[in-house]
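Listed in order, the protein sequences are those of chains A and B. Take the first sequence: its letters are residues 0 to 404, numbered as in numbering that gives the first Met the number 0. Take the second sequence: its letters are residues 0 to 238, numbered as in numbering that gives the first Met the number 0.
Bear in mind the hints are in silico, worked out from the structure with no lab data behind them. Please note: incorrect hints may appear among the correct ones.
[What the hints assert, rightly or not] Below, in silico cross-link-like pairs of lysine to aspartate or glutamate (EDC-like), each with a Cα-Cα straight-line distance of 16 Å or less:
# : chain 1 : residue 1 : chain 2 : residue 2
1 : B       : K141      : A       : E400
2 : B       : K113      : B       : E160
3 : A       : K403      : B       : E6
4 : B       : K57       : A       : E400
5 : B       : K57       : B       : E121
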Amino acid sequence: MSILFQISWRNIWRHPARSGILMGAIIVGTWGGILVAGWGNGLIEQRVDYLISTELSHGQVHHPEYRAEREPWMTIPDAESILAYLEGDERVQSVSPRTLSEGMARSPVTTSGVRIHGVHPEKERATTALYDRLEKGDWLGDEFRNPVLIGGQLADKLRLEIGNRLVLQFQDIDNEITAGAFHISGIFRSASSDYDERNVFVKSDDLSALIAGETFYHEIAMSLTSSDQADGVIADVNERFPDVHAQTWHELSPEIRYIAAYSGTLTYFLMAIIMMALAFGILNTMLMAIFERMRELGMLLSIGMNRIRVFAMIMLESLMLTFSGALAGILLSVLTLWYLGDRGIDMGMFADGLAEFGFDTITYPFVTAGEFFGIVIIVIFAALIAAVYPAIKAFRLNPVEASKE
Amino acid sequence: MSIIRTENLSKIYNPETVPVHALRDVSITIDEGEFTSIVGPSGSGKTTLLNMLGGLDKPTSGNVFINGTNITEMSDSTLIDFRLHNIGFVFQHYNLVPVFTARENVSFIMLLQKKSRKVMAERADKLLDEVGLGDRKDARPKEMSGGQQQRVAVARALASEPRFILADEPTANLDSASAMNLLDIMEQMNRNNGVTFIFSTHDQRVIDRARRVITMMDGAVDSDEYHNREKAATGGGGQ
Ligand SMILES: Nc1ncnc2c1ncn2[C@@H]1O[C@H](COP(=O)(O)OP(=O)(O)O)[C@@H](O)[C@H]1O
Ligand SMILES: [Mg+2]
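If we strip away everything but chain B, and leave its shape as in the complex, we get (with noise of 0.2 Å):
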């Protein structure tokens, strides 16, 4: 079943000034438990695209639906309410709370998803544990490695439980141990639980590990790619 469908995205930035076409005519549809990765060169439209899947920005025309839903009509606040129960993101920079813990940076999203205190807490706890951080649930950013960091922010994505993953460029500011690690626990995540994932990159390692691979060209999708991969995750995940 497809859980986002998009229909002639375009995307056109300054169209007053100096027009800049970052998304031609995208159609694609993406399926349930999909483990899809958006690849292309730098200005492609990676991040264009997949700020559109997750609502963050509004397309020049086409639609999005997600489930069914045309996410593009929603008005600002409604869209935020969705994505809060819909969406998960991961982000290249990592972008947790400075100033909360790696327990805090997950549960504050079933905060505000006002889920009880008890469920929030195990939640966390268990989440953690499965990304390789049972240790560090009280450290803060700063005193975690870029490859802790961005197991936290995956562990926040998947806190919201939301249908999908969307994740831009998530191993660009990691170095190769981290980036395999990473994608290691979001294939796992995938193969157990099946999430969904939908991850932008340059780094052909992490391409090889997609099933689906849509590869971008100046703002179209220039090929879309399944590779029957069999071969299982490697060594599986954190710990």
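Bound-form chain A, shown alone (with noise of 0.2 Å):
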């Protein structure tokens, strides 16, 4: 056996240069579309960080209905007991008490719809990452009266700037109209220009105040010490405090889901098409091979070489040629990858301006182990589907074939 793989090996050398350029059309191929399908699940990992660090944090805790009514009443009972329960959890890095209402604001210029949350300024900070996006001014303080932040977009719209009067208006516990003068202490940009324009924050006591004259919140939004904790805490309170209703990240947005389900998908699809291509061309070279070979396979044959053994060495021929290529290609993307995502690529060499808008231009790609173990099976796959057809036809051939003219 082991002289097939000894012929197969010197027969694909004995076109260097058709070979070769082959090979490295494979090395080119496996090693561009990891690295692509690793750019790209850093990127999904970048924007599932965001919304985690933006607008998700790790999980959330409502009264049962709130998500879906969004009515002021619906308070969470007993919020100061599930506060105390999850910052004495070790799992749990901070939370951040909010009380929301849906309303408007207004400027001497125009109304806009938005939601307003009323956040303890201390805790949201250690929480979310709204205070790292602040592009003027300051965090909810001391400074004004009825202190609120709100997006770029918004201030651009309204036509204020630090330090102007807004009017928020919303329902009270009632649903009476009630509304209150509030300050722009500072201007957030996140990544989202339609969420800059319809979120504002201000302080919760001072929004509480107004819709029902005491504190109570909406939400609980909790940062963890790592993603994966967030299943096991949320369990947890859910059966603690059986009132209210907590959710995971991946519960909250629809969006994460639907990215985090094609990720994989993405990059197993992105090898698929690149590997069938160069399947093509595997192909298209040893059916070339052996056209050119026929006189010698029908000598082997003649001479009495079993069709299995020429079967064999014709599959071993695309075969080795394939996995050679291929295992030189994930090597090359192994050590890629591991120097990128370490260092990172820097999108902003690419595009200006992205930073400004609140994007981390850094993209740390990444390959895991289960897509790369997805990865060998489609090269083996492919490799197979190229190698079998022209072995198929040199098993077919007719020994007479040696003495032919």
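With the hints as a guide, bring both chains together as one complex.
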């Protein structure tokens, strides 16, 4: 058997340029494909991290119907004990209780629908990345009475500046329309201008005073030591506090569910397309090789090499060609990912000003071990597809080919 | 004792479309130790006949017996194995494996026969010496002349210790000096070791050296003559 490996390997190098180019294409194809897939993974992870850090946190607690109805009276019963419980859990890094209201923001120029987040300044700052996204002004402090943080997009629309007065209008606990005057203490800019137009942040004490005259919460957001802990922590909260509904980050966002489901698929899809294209190249080269070698293969059958061996010899030739190229490509991609996974790919070079919009411009590409396993399966599958047909052609050859003119 | 016997051998190519009667009722017997040439003009059926004798192709009708066994009834895989152990082949185009050295080309067939490494190495060495390529054992085909390549092919055919060797136009691609040299070697193997050779040719000088000449014409045997040549092989073998 080892002699078959030897012949096949030598046969590959009969046409060094032809096989070299094909092998080069396989190396570049697998390397490039894995790298792009890794980059995609990095971007997805970055997006998920972004959503967790700004909008979702790792988990949230609400009144069971709040997310569907958003009625002001759907507050969290006994929020204090839930907060105390979460703060005592070592898996929890920080918690941020919030008072929420759907309302209108009014300036002398125009009016705009907004979601008002009443937050505890220190706790919110410890839990989300909103503070990092402040573009102008300061965090919710004591400089102004009723301070408010608004997004850059809303500030532009309402033509407001730091220190200007903004009237927020919303329903109180008895469903009466009420309003309060707030002062802009800071302007933030996130990755989404839509988010920036529709969300404003005030102190929860200020907001709940206007809604009910006492402090209460609609939402508790939590940041955990690791996103993997979310399922466990949330399950524990739900078990301990049956009157509330706690959800993990992936339960909270359909977008995240969607992209997480597609991230692996994308990698395999990309690799399958690349490998299918390469398989055609391999198939073509091997058919050419067989066509050129009709007389020699006929001779081998004539002198007594059995058809199974001839089949195996051609299979081995295609497979060795593919696997050596793919192996080199995979090793190269492991090295590249190892390097880039550490240093990151800085897209700031390609797209100016992304950072201004709250985008993190450095992406850290990665490919999971499971994905590598899947890629290897795809490579093997493509190699077999490319190898079988030429080998069958050789298997069926007539020994009289040897003496044909 | 006869090693090959054909019985009303006929071959029609493309019987359905454009039938070509390549062989018509050929019945011949070849004995052990013969040095026989199949001659005839191009298209007379020499290659077709040799392919039938070697079990490379099946006749349309008739039978081929080798040592009393009817090979036309064998399955494809049995026949391949039968060829491996009984028949040696030499082709017009040498048909060496280009990625093998002379030694590897000769050894390969013994590898297929599952001979031991030691036997293989010794026999390949001995045969290459005998065909006068003692100093080209590690050369690849493209580093050798046509005559040298064809001598490797003869050594390869002998390596499997076949009952007979079929050579289809073995000298057609060689210059006359190389052709005569090859004939010298074949003749020597025949005389000294009793190897049976059946070779086709249309070269008169090659025909002159055969002891039996079977002439084909339009797929049928036109004449079958024995040349009682006592003239010894000129100048001996390779070296
Ligand atoms: N595979 C084939 N298909 C159809 N006709 C063939 C085939 N091989 C040979 N022939 C025909 O059969 C006849 C005998 O051919 P061949 O045995 O090659 O003769 P030779 O070797 O004496 O030149 C020729 O007419 C040739 O054209
Ligand atoms: Mg011929």
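Verification of the supplied hints:
Distance check on the hinted pair: K141 of chain B and E400 of chain A sit about 21 Å apart at the alpha-carbon level, beyond 16 Å; violated. Of the pairs offered as hints, the one joining K113 of chain B and E160 of chain B holds, with about 13 Å between alpha carbons and a cut-off of 16 Å not exceeded. Between K403 of chain A and E6 of chain B, the direct Cα distance comes to roughly 25 Å. Violation of the 16 Å bound is thereby established for this hinted pair. Among the hinted pairs, K57 of chain B with E400 of chain A is consistent with the structure: their alpha-carbon atoms are about 14 Å apart, no more than 16 Å.
The straight-line distance between the Cα atoms of K57 of chain B and E121 of chain B is roughly 36 Å, outside the 16 Å bound, and the hint therefore fails.
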